[in-house]
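Mapping of the sequence shown onto full-length UniProt numbering: residues 1 to 332, in sequence order.
It is possible that some hints are incorrect.
Stated by the list, open to error - Below, in silico cross-link-like pairs of lysine-lysine (DSSO-like), each with a Cα-Cα straight-line distance of 27 Å or less:
{"no.": "1", "residue 1": "273", "residue 2": "294"}
{"no.": "2", "residue 1": "105", "residue 2": "88"}
{"no.": "3", "residue 1": "88", "residue 2": "166"}
{"no.": "4", "residue 1": "273", "residue 2": "291"}
{"no.": "5", "residue 1": "273", "residue 2": "285"}
{"no.": "6", "residue 1": "105", "residue 2": "168"}
{"no.": "7", "residue 1": "105", "residue 2": "166"}
{"no.": "8", "residue 1": "168", "residue 2": "88"}
Said to hold, decoys possible - Quick list of simulated restraints, FRET-style, between CB atoms:
{"no.": "9", "residue 1": "120", "residue 2": "216", "range": "31 to 39 Å"}
{"no.": "10", "residue 1": "109", "residue 2": "301", "range": "37 to 45 Å"}
{"no.": "11", "residue 1": "195", "residue 2": "292", "range": "22 to 30 Å"}
Calculated directly from the structure, the hints in this document are not laboratory data.
Note that CB positions come from ideal geometry on N, CA and C, so glycine has one too.
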Amino acid sequence: MTLAGDVTHPPSPFRRYSEILPHRFTFFRHSPTIFPRLMDNKEVARKGYGAASEQTRSQILFILFVVAFCIYLIPRIAINFFYYPDDKIYGPDPWSAESVEFTAKDGTRLHGWFIPSATGPAENAIATIIHAHGNAGNMSAHWPLVSWLPERNFNVFMFDYRGFGKSKGTPSQAGLLDDTQSAINVVRHRSDVNPQRLVLFGQSIGGANILDVIGQGDREGIRAVILDSTFASYATIANQMLPGSGYLLDESYSGENYIASVSPIPLLLIHGKADHVIPWQHSEKLYSLAKEPKRLILIPDGEHIDAFSDRHGDVYREQMVDFILSALNPQN
Numbered sequence: 001m002t003l004a005g006d007v008t009h010p011p012s013p014f015r016r017y018s019e020i021l022p023h024r025f026t027f028f029r030h031s032p033t034i035f036p037r038l039m040d041n042k043e044v045a046r047k048g049y050g051a052a053s054e055q056t057r058s059q060i061l062f063i064l065f066v067v068a069f070c071i072y073l074i075p076r077i078a079i080n081f082f083y084y085p086d087d088k089i090y091g092p093d094p095w096s097a098e099s100v101e102f103t104a105k106d107g108t109r110l111h112g113w114f115i116p117s118a119t120g121p122a123e124n125a126i127a128t129i130i131h132a133h134g135n136a137g138n139m140s141a142h143w144p145l146v147s148w149l150p151e152r153n154f155n156v157f158m159f160d161y162r163g164f165g166k167s168k169g170t171p172s173q174a175g176l177l178d179d180t181q182s183a184i185n186v187v188r189h190r191s192d193v194n195p196q197r198l199v200l201f202g203q204s205i206g207g208a209n210i211l212d213v214i215g216q217g218d219r220e221g222i223r224a225v226i227l228d229s230t231f232a233s234y235a236t237i238a239n240q241m242l243p244g245s246g247y248l249l250d251e252s253y254s255g256e257n258y259i260a261s262v263s264p265i266p267l268l269l270i271h272g273k274a275d276h277v278i279p280w281q282h283s284e285k286l287y288s289l290a291k292e293p294k295r296l297i298l299i300p301d302g303e304h305i306d307a308f309s310d311r312h313g314d315v316y317r318e319q320m321v322d323f324i325l326s327a328l329n330p331q332n
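Could you put the whole structure together from the sequences, leaning on the hints where they help?
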């Protein structure tokens, strides 16, 4: 993840499973008591059928226990590939930021920032951009990627998912959906925001959360959707880290299920072709499933969520602004 400015980078996302599980499951190979060895024919003859049958039943029960345990454990390991929260401060708060505490629908206390337009009253901003950040660190680590927006007359609302930054709770797929919906509703009810001029901007897992919100039919006042380096499927990413683990994840939260429902809201997808965290083909797939109006920008040397960093200057920032203006004024 590349961030602009002198900001300490959050933990690397999507660590390999070898960092989480014992190497090559050596505890199974080197512990003779883990799996009772199957008896050979001589033991069967010596102990008799009843003893052999009892031994076999014990082995079967143990194997069933191991299988059930794996079915329980592997999805929890797999979903943890997606969440690397912390409460470290990666940079100073934006000088103009208003600290906002709010409550998710399930009662979890959350924290966000409202940063007004730097060029005039918040009420007169071009639009209010609701930013859903990636899976690591917290919003202070991601602020440099959106810090340029207030200077271009946009309000920005950032927030931390449960378990990230100052927000309470523990992250989960359902929880992050709740958090994103709740953040949007907080913005809608602000007196200094035009609730009919909202833009949803999701980066990495934030894009998946935004698509989940759209999939729930929450569209009021949303004039544009922007997805940067977003994945199409939870299972595909999990399988990339721990082969086979994705098949046990809840795919109902995957963005590919909801991308078509964004229309008729204008959609912009952007992805770097040098992204080694989420391959750019995910955005290509989302684009193929989306309906018009839609646009896809692929950055030849772009890395994970760095389109709007200082590395690329204003090239993609201006394209994003032009896209928003076009979405707000479709007749032009």
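Problem set entry | Hints breached by this structure | none
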